[in-house]
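K.L.:
When you get a sec, could you build the whole thing from the sequences and use the hints?
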Amino acid sequence: GDSVTQTEGLVTLTKGLPVMLNCTYQTTYSPFLFWYVQHLNEAPKLLLKSSTDNKRTEHQGFYATLHKSSSSFHLQKSSVQLSDSALYFCALSEGTGNTGKLIFGLGTTLQVQP
Amino acid sequence: DPKIIQKPKYLVAVTGSEKILICEQYLGHNAMYWYRQSAKKPLEFMFSYSYQKLMDNQTASSRFQPQSSKKNHLDLQITALKPDDSATYFCASSQVGLENTLYFGAGTRLSVL
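Going line by line, the protein sequences match chains A and B.
Quick note: my numbering has the first sequence finishing at residue 114, numbered continuously throughout.
Quick note: my numbering has the second sequence finishing at residue 227, numbered continuously throughout.
A couple of the hints might just be wrong.
[Said to hold, decoys possible] From the structure, some residues in chain B lie toward chain A, with a derived Cβ separation under 10 angstroms:
(1) 120
(2) 159
(3) 204
(4) 207
(5) 217
(6) 218
(7) 221
In short, the hints are calculated from the structure, not lab data.
The model shown is predicted, which means the values in this text are computed figures rather than measured ones.
All C-beta atoms, glycine included, are put in the ideal place defined by N, C-alpha and C.
P.N.:
Now the structure itself:
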């Protein structure tokens with residue numbers, strides 16, 4: 001079945017450094033990938049969604065590129081800020097993508113230190 | 115203003131009891147969902163509804179019953195509660211057929227003692 005694998009656990013970085021959070025997926029359908037961010041005690045919010053193969057999508061300084069050849073949709077930012085500290089989920093839309101049924105990875109906690 | 119309202123924010127229940135989690139969305143979306151977030155587990159899809167009809171059910175237990183009295187309401191009734199049901203339950207909505215981005219409510223954190 002469809003699945004999503006993320007960098008697990010905690011990633012700790014100093015403010016201003018670059019970050020990459022890994023996300024790979026398995027699906028037999030054409031993939032639609034998402035990154036959601038969840039700050040402490042808040043709802044998950046959409047950060048990015050994938051576009052066409054090998055096309056980069058960006059939002060709020062974060063960016064990701066869908067690579068079907070490697071089944072990946074890694075999240076990157078060139079310079080992290082304290083406010084980026086949160087839990088990040090990669091998610092795959094199941095099936096044809098025409099549904100809100102998503103398969104989520106376990107999530108990666110990003111902790112940014114001063 | 116929150117566009118997806120979930121009530122209550124926190125809920126404590128005793129084993130064997132029954133609770134109803136409330137969700138209303140004011141985004142004008144045509145589909146609503148329930149997801150569960152348990153410790154050490156990914157966000158897990160439970161149900162999807164569109165125009166008050168069940169579209170998909172991934173919850174094995176019949177103790178979980180969604181209830182839709184209006185197209186922008188999707189409550190979740192949980193009966194015979196167990197400690198393993200302790201989790202944060204998120205309601206979500208989307209406009210299927212268009213952008214189909216999933217929007218989440220703030221969640222109800224349920225603790226079963």
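K.L.:
Does each hint fit the structure? Answer for all of them.
P.N.:
Hints versus structure:
Because the closest C-beta pair between residue 120(B) and chain A is about 9 angstroms apart, less than 10 angstroms, the hint holds. A least Cβ separation of about 5 angstroms between residue 159(B) and chain A falls short of the 10 angstroms threshold, and the interface hint therefore holds. With a cut of 10 angstroms, the hint placing residue 204(B) at the interface with chain A holds, because the nearest CB-to-CB distance is about 7 angstroms. For residue 207(B), the suggested interface contact is upheld, since its CB lies about 7 angstroms from the closest CB of chain A, less than 10 angstroms.
A least Cβ separation of about 7 angstroms between residue 217(B) and chain A falls short of the 10 angstroms threshold, and the interface hint therefore holds. Contact between residue 218(B) and chain A, as hinted, is supported at the beta carbon level, the nearest pair being about 4 angstroms apart and thus within 10 angstroms. A hinted interface residue such as residue 221(B) counts as satisfied when its beta carbon comes closer than 10 angstroms to some beta carbon of chain A; here the least separation is about 6 angstroms, so the hint holds.
Every hint from the earlier list agrees with this structure, and none is contradicted.
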